[in-house]
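S.K.: Next come the chains, spelled out residue by residue.
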Amino acid sequence: MGVMNFTGTVLKNLFSKPATRLYPFEPREYTERTRGRVEIDIDSCIFCGMCQRKCPTGAITVNKNDKTWKIERFNCVQCACCVKNCPKKCLFMAKEYTEPGADKLEDTFQKILTPEELAKEEAEKAAMQEKIKAAMAAKAAAAAAEKKDE
Amino acid sequence: MSTRSIVPFGPQHPVLPEPIHLDLVLEDEKVVEAIPSIGFVHRGLEILVQKREFTEYAYVAERICGICSYMHGMSYCDAVEHIMNVEIPDRAKYLRTIWSEMSRIHSHLLWLGLVADAFGFESLFMQSWRMREKILDMFEASTGGRVIFSVNQVGGVLKDMDSAMLNHFVAELGDVEKDLKVLSKTFLDDAAVNNRLRNVGFLTKQQAHDLSIVGPFMRASGIKRDIRQLGYNAYKDLEFEPITSEIGDSYARCDVRIREIFQSIDLIRQAVGKIPSGDIAAPIKGMPEGEHFTRVEQPRGEAIYYVKADGTKFIDRFRVRTPTFANIPGMLETLKGCQFADVPILVLTIDPCISCTER
Amino acid sequence: MTDGEIKVVTLDTLLVETMHFKEAGWRLMQICARSLKDNAGNEITYTFGDDLVMAHLRLIAEPDKKVPSVSHIYSSAFLYENEMHDLFGVEVEMMTLDFHGHLYRIKDAAPFKK
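Protein chains in written order, with our numbering: chain A, 1 to 150; chain B, 1 to 359; chain C, 1 to 114.
By construction, these hints were calculated from the structure, which means they are not laboratory data.
Please read all numbers here as calculations on a predicted model, not as lab measurements.
One or more of the hints may lead you astray.
Said to hold, decoys possible - Only part of the chain C face toward chain B is listed, based on derived beta-carbon distances under 7 Å: (1) 28; (2) 30; (3) 32; (4) 34; (5) 52; (6) 58; (7) 60; (8) 76; (9) 104; (10) 112; (11) 113.
What the hints assert, rightly or not - Computed footprint of chain B on chain C; a stretch qualifies when at least three of its residues, placed anywhere within it, have a C-beta under 8 Å from a C-beta of chain B: (12) 7 to 13; (13) 43 to 51.
Claimed, not checked - Simulated pairs of lysine-lysine, PhoX-like, Cα-Cα distance not exceeding 20 Å: (14) 134(B) / 17(A); (15) 159(B) / 12(A); (16) 84(A) / 159(B); (17) 88(A) / 70(A); (18) 64(A) / 125(A).
Note that the Cβ used here is the ideal one computed from N, Cα and C, for glycine as well.
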């Protein structure tokens with residue numbers, strides 16, 4: 001049974017550089033796979049809402065009409081479940097963590113369409129309306145013909 | 001005539017690492033009886049399984065505890081895979097084994113630090129946790145998180161480790177082994193440490209069997225049992241023997257845990273040498289129906305997971321019997337007859353994880 | 001008993017079967033309760049182990065029946081039985097250490113009951 005077992009370690013620690021990092025002057029280097037925060041490439045998003053359904057904490061809100069994607073930064077637990085389930089693969093994990101703060105933080109991303117894309121969407125909507133009207137008219141005509149036959 | 005007094009201990013105490021409350025009945029300085037009281041961190045995670053889909057519950061299951069988090073997620077996925085009759089690829093089994101053993105090393109190093117803090121040797125506490133930082137950096141490099149890994153899914157694992165990363169890890173673990181050899185000399189041979197740990201909290205082999213305790217707490221009293229001998233994951237291809245001690249006091253429990261760290265480093269070396277190539281996940285179809293019991297060897301002992309599924313996308317019942325739940329009666333038995341100043345050490349020798357116990 | 005075997009018992013045969021396990025040197029591994037739908041009571045599973053082999057006893061407890069405690073046979077059972085009482089509302093009589101509903105600090109009684 002010894003009494004000076006730890007002395008070697010103590011002397012070594014006394015004369016070598018510290019084990020801690022002088023943060024924030026010396027920033028930390030994160031690894032490649034670090035799950036820091038969720039980021040989105042909003043131009044590829046189709047607002048299907050899959051990430052909102054799968055999120056275990058309910059931190060994501062997707063609004064298809066306004067074309068916004070919102071995340072509560074301090075509710076997110078960085079599990080990367082949304083990244084795994086996105087059908088368009090537009091979500092990815094960035095390496096830096098959210099800075100600590102005193103209030104809840106919400107990040108909103110809005111998709112802004114170019115004039116050509118807007119025009120294309122309006123045209124598609126109008127075509128869909130026409131199709132629905134034509135189908136309803138055809139159905140009404142068929143029902144009237146059946147009634148006449150009776 | 002000795003006086004009897006009742007002293008409340010915990011849940012907030014500078015030397016107590018976990019929120020457990022004990023009412024100690026003292027006669028002068030000797031503890032006569034201890035009455036436990038838990039329930040400070042009860043979160044009701046077992047009822048949450050009926051509100052989250054079974055594929056996404058893995059993320060909740062691993063948040064039952066911070067230290068044993070990897071094995072909770074892995075065992076939940078393992079139980080659901082058995083119910084759905086899905087066979088995961090061999091490479092996934094080896095990866096799970098490697099991460100489980102690294103999880104065991106970091107948990108035992110954490111315990112060594114806490115026990116050193118409990119008897120007042122703060123420098124030894126800091127030195128153990130400095131070694132643990134190397135393991136946490138390895139976790140971050142391979143899974144993306146230091147404490148909660150989120151790397152298990154029903155059907156396999158989510159991330160792969162190529163041979164360059166695995167060989168780098170084995171080299172780092174070689175450095176940890178060298179540092180641990182120097183550190184264990186202090187833990188096992190130093191006079192001050194021996195005075196605090198030897199002949200404190202005896203538990204005989206018969207008492208250990210009657211109280212149904214598990215883990216290193218049980219192996220230090222002479223019972224040779226390790227659930228890894230069942231051969232789940234990749235353990236059927238690896239060679240190891242359960243580590244026991246015949247003495248049965250706190251010194252024996254410290255000795256068993258230190259030797260288990262060396263054994264885990266050896267197991268990782270064996271696994272990295274034998275890991276096959278292939279996929280890391282198998283596809284799953286349909287909904288689970290049926291029930292299954294899974295047993296794993298957590299760093300603290302044997303944990304039993306019971307999953308009952310009824311054919312919908314929500315599981316009906318998920319029950320975790322954690323090792324600390326089984327060890328609390330054993331801890332109360334060792335507290336009888338000990339000195340008041342030894343109470344923190346004895347509470348720590350079972351390696352309590354109250355967060356797991358109360359879910 | 002074979003590994004993983006489940007034997008169904010009733011309120012009357014529970015203690016005798018438990019004593020068979022104790023006499024054979026088996027240890028108590030866990031006691032798990034599961035709430036059945038439509039207020040049909042609880043299904044309680046007792047798990048015993050001998051080295052690496054595992055066997056179970058299964059008991060259906062109707063809503064107002066009292067279950068006898070096995071803590072006089074296996075002393076570590078008091079924790080599981082108190083937990084069953086707090087979370088599922090199972091009435092267990094003759095426990096060696098009875099917390100009377102105060103083991104877990106919860107607001108509603110029996111929150112896990114369906």
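S.K.: State for each hint whether it applies.
M.R.: Results of checking the hints against the structure:
1. 28: holds (5 Å)
2. 30: holds (4 Å)
3. 32: For residue 32(C), the interface hint holds, since the closest Cβ of chain B sits about 5 Å away, which is under 7 Å.
4. 34: holds (5 Å)
5. 52: Status holds, d = 6 Å.
6. 58: This interface hint is violated because 11 Å lies over the 7 Å limit.
7. 60: violated (14 Å)
8. 76: holds (4 Å)
9. 104: holds (4 Å)
10. 112: Nearest chain B Cβ about 6 Å off; hint holds.
11. 113: violated (10 Å)
12. 7 to 13: With 0 residues close enough to chain B, the hint is violated.
13. 43 to 51: holds (count 3)
14. 134(B) / 17(A): holds (16 Å)
15. 159(B) / 12(A): violated (38 Å)
16. 84(A) / 159(B): holds (12 Å)
17. 88(A) / 70(A): holds (17 Å)
18. 64(A) / 125(A): Roughly 15 Å between the alpha carbons, so the hint for residue 64(A) and residue 125(A) holds.
In summary, the structure is inconsistent with hints 6, 7, 11, 12 and 15 from the numbered list given earlier, while agreeing with the others.
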